[in-house]
Amino acid sequence: MDNLLSTREACGLTLQNMGHKEKDIVVLDADLSGSTQTKKFADKFPNRFFNVGCAEQNLIGTAAGLAIGGKTAFAGTFAMFLMRAWEQIRNTVAHDNLNVKLLGSHSGLTNSKDGGSHQCLEDIALMCCLPNMSVLNPVDAIEAEKIVINEVYRKGPSYIRMNRISTPAINTDDYNFEFGKAVEIREGEDLTIIATGTMVSEAVKASEKLKKEDIKARVLNVHTIKPIDKNSILKSAKETGHIITVEEHSIYGGLGSAVAGIIVENYPVPMKIMGVNDRFGESGDYNYLINKFGLNDVEIVKNAKELYGDRK
Amino acid sequence: MLKMIRKLKDKATVIRRHIIKMVHSAGSGHPGGSLSCTDILVVLYFHVMKHDPQKKDRERDRFILSKGHAAPALYATLAECGYFPISKLETLRKNGGYLQGHPDSSIPGVEVSSGSLGQGLSVANGIALAARLDENPSRVFVLLGDGECDEGQVWEAAMLSAHYKLDNLVAIVDRNGLQIDGQTEQIMCLEPFSKKWESFGWHVIEIDGNNIEEIIKAFNETENIIGKPTVIIAHTFKGKGVSFMEGKCAFHGKAPTDEEMIRALEELK
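Just so you know, the protein sequences line up as chains Y and B, in that order.
If you count the first sequence from 1, position 192 lands on 192 in the numbering used here, and the numbers rise without skipping.
If you count the second sequence from 1, position 132 lands on 444 in the numbering used here, and the numbers rise without skipping.
Source of the hints: derived by calculation from the structure; they are not laboratory data.
Treat the hints with caution; some may be incorrect.
Unchecked claim - In silico lysine-lysine, DSBU-like type, Cα no more than 35 Å apart, as pairs:
id, chain 1, residue 1, chain 2, residue 2
1, B, Lys406, Y, Lys226
2, B, Lys362, Y, Lys21
3, Y, Lys44, B, Lys477
4, Y, Lys155, B, Lys406
5, B, Lys400, Y, Lys39
6, Y, Lys212, Y, Lys235
7, Y, Lys155, B, Lys400
8, B, Lys529, Y, Lys21
9, Y, Lys292, Y, Lys39
10, Y, Lys305, Y, Lys272
11, B, Lys368, Y, Lys226
12, B, Lys406, Y, Lys21
13, Y, Lys238, Y, Lys205
14, Y, Lys155, B, Lys507
15, Y, Lys23, B, Lys477
16, B, Lys540, Y, Lys44
17, Y, Lys23, B, Lys368
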């Protein structure tokens with residue numbers, strides 16, 4: 001897998017590759033197959049691809065029916081528009097624990113120019129609260145490929161969060177993906193930056209900057225937000241004593257909330273939740289938005305120094 | 313034929329009696345819309361559908377109760393078929409009970425959970441598409457309420473069934489004319505209802521949905537419709553079979569009192 005591809009391109013290619021091998025994979029889209037990259041599957045397997053038109057509720061219901069009929073159904077559209085069918089996802093896909101894999105493309109702020117109506121900063125919260133639902137957020141193309149392959153064989157529903165833009169490569173081809181297991185990608189004993197998706201590379205940059213100031217920041221890549229890796233999080237809390245979470249998502253109900261729940265219940269340590277601070281997105285260049293919303297290495301460093309420095 | 317119709321009518325009466333007793337015992341539930349669709353369920357499960365309560369055959373015909381609030385009718389039918397013991401019917405809506413207030417896929421014979429309106433036709437489409445991919449001869453039947461057709465998703469799904477020419481799928485609309493807040497035509501006008509379905513690319517059959525002979529005839533007709541889905545618009549009476557419930561909105565979601573149950577069971581013989 002070319003690791004400079006966006007996660008949506010990697011998902012599309014992986015589905016295409018897996019389609020040859022696994023005849024029970026079907027893919028659905030709601031008139032955004034070019035954008036979500038499900039078109040890659042559609043071009044090869046037109047009989048197993050179903051475009052439902054601009055109809056997200058029907059997208060989910062049809063995917064559920066295909067799953068009941070024995071298929072593994074991948075249903076894609078923009079993350080934002082999948083949320084339109086949240087109730088269908090809840091009452092059928094999650095409730096009946098069906099093999100429906102939701103592909104939420106253009107998540108976070110990555111659909112930057114389209115503005116607030118098309119950006120999705122609430123999806124992790126909305127998916128994590130559903131029983132049976134797993135929530136996955138690949139950090140790069142290689143991880144996206146491994147996640148999709150894993151989901152082809154893992155039973156039950158999941159939400160896979162994907163980006164419009166390419167993000168920096170974190171993993172190499174020999175990367176061993178383990179569902180539900182956070183990956184320590186930088187060592188450190190002073191504090192832990194727990195990041196997901198696009199924010200992992202910012203966390204790595206921040207860790208390198210902090211090293212120069214003699215703060216050794218561990219970085220965890222949480223690709224599986226649900227079920228979350230409680231052991232790795234607690235281990236980091238115990239070993240580093242300070243936790244920062246960072247995600248391209250609302251500060252409410254996402255990775256930060258999940259980590260805070262574990263920390264508070266089991267081993268309270270000083271913590272900072274970084275994300276989008278209870279507001280909607282807006283149009284602009286992606287980098288402009290990320291910086292405006294304080295989701296970059298500079299802000300992580302600032303928060304790390306506040307959290308760690310005060311208690312040194 | 314006459315003997316068979318007599319048998320189906322008797323079965324419908326047995327199921328209607330179950331419905332009254334179940335909803336009375338639960339103290340809540342939806343008798344009106346359960347009684348209106350009882351004859352349709354009886355014809356489907358005891359005459360039309362290929363199914364075996366003892367084994368989940370891949371090639372079985374599938375039924376989806378999109379109007380999930382008619383769960384008592386479905387449960388009573390499934391129990392009479394032998395999917396689970398009739399004694400379980402009294403657990404409806406009870407603490408720790410076997411039978412949930414709305415259809416739950418944990419219950420034998422229930423293909424998919426339902427209850428939130430407007431979603432069953434989409435699911436039926438998906439099952440029908442899967443069957444076609446697998447060259448599986450099973451047919452898919454889905455029962456909708458008329459009030460339910462206010463939901464936009466029904467029409468999203470109706471477009472899809474026609475677009476993919478799903479002739480292995482039959483929708484039945486229980487056109488009892490009433491929804492919780494009143495008459496369908498006053499709450500949100502559905503007419504011209506059959507023309508709507510026709511214009512969406514469906515073959516439409518209109519019948520008296522409380523007449524066993526007409527229901528059988530309609531399902532026979534669906535077998536010969538190729539290249540498009542069929543909808544049976546079944547004109548029914550809400551509360552059918554119990555005089556003081558018939559055509560009454562009040563019994564959409566209200567359990568009968570002790571005295572009402574006795575009167576209802578007197579009539580259902």
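Outcome of the hint check:
1. Distance hint between Lys406(B) and Lys226(Y) is fulfilled; the C-alpha atoms sit about 32 Å from each other, no more than 35 Å.
2. For the hint pairing Lys362(B) with Lys21(Y), the CA-to-CA distance comes to about 33 Å; that is within 35 Å, so the pair holds.
3. Between Lys44(Y) and Lys477(B) the alpha-carbon distance is near 22 Å, which keeps this suggested pair within the 35 Å criterion.
4. A threshold of 35 Å between alpha carbons decides the hint, and for Lys155(Y) with Lys406(B) the separation of about 31 Å falls inside it, so the pair holds.
5. With a C-alpha separation of about 48 Å, the suggested pair Lys400(B) and Lys39(Y) falls outside the 35 Å cut-off, and the hint is violated.
6. Proximity of Lys212(Y) to Lys235(Y) is assessed by CA-CA distance (about 25 Å); at most 35 Å being required, the pair is judged to hold.
7. Between Lys155(Y) and Lys400(B), the direct Cα distance comes to roughly 30 Å. Compliance with the 35 Å bound is thereby established for this hinted pair.
8. Of the pairs offered as hints, the one joining Lys529(B) and Lys21(Y) is violated, with about 45 Å between alpha carbons and a cut-off of 35 Å exceeded.
9. About 34 Å separates the Cα atoms of Lys292(Y) and Lys39(Y), which keeps this hinted pair within 35 Å; it holds.
10. Of the pairs offered as hints, the one joining Lys305(Y) and Lys272(Y) holds, with about 11 Å between alpha carbons and a cut-off of 35 Å not exceeded.
11. For a cut-off of 35 Å, the pair hint linking Lys368(B) to Lys226(Y) stands: about 32 Å separates their Cα positions.
12. Taken as a hint, the Lys406(B) and Lys21(Y) pair is broken in the structure, with Cα atoms around 47 Å apart against an allowance of 35 Å.
13. Restraint check for Lys238(Y) and Lys205(Y): the C-alpha separation of about 23 Å stays at or below 35 Å, so the hint holds.
14. As the CA atoms of Lys155(Y) and Lys507(B) are separated by approximately 42 Å, the hinted pair breaks the 35 Å bound.
15. Only pairs whose Cα atoms come within 35 Å are accepted, and Lys23(Y) paired with Lys477(B) is accepted, the gap being roughly 22 Å.
16. Distance check on the hinted pair: Lys540(B) and Lys44(Y) sit about 26 Å apart at the alpha-carbon level, within 35 Å; holds.
17. For the given pair, Lys23(Y) sits about 22 Å from Lys368(B) by alpha-carbon distance, which is consistent with the 35 Å threshold.
When each numbered hint is compared with the structure, violations occur for hints 5, 8, 12 and 14.
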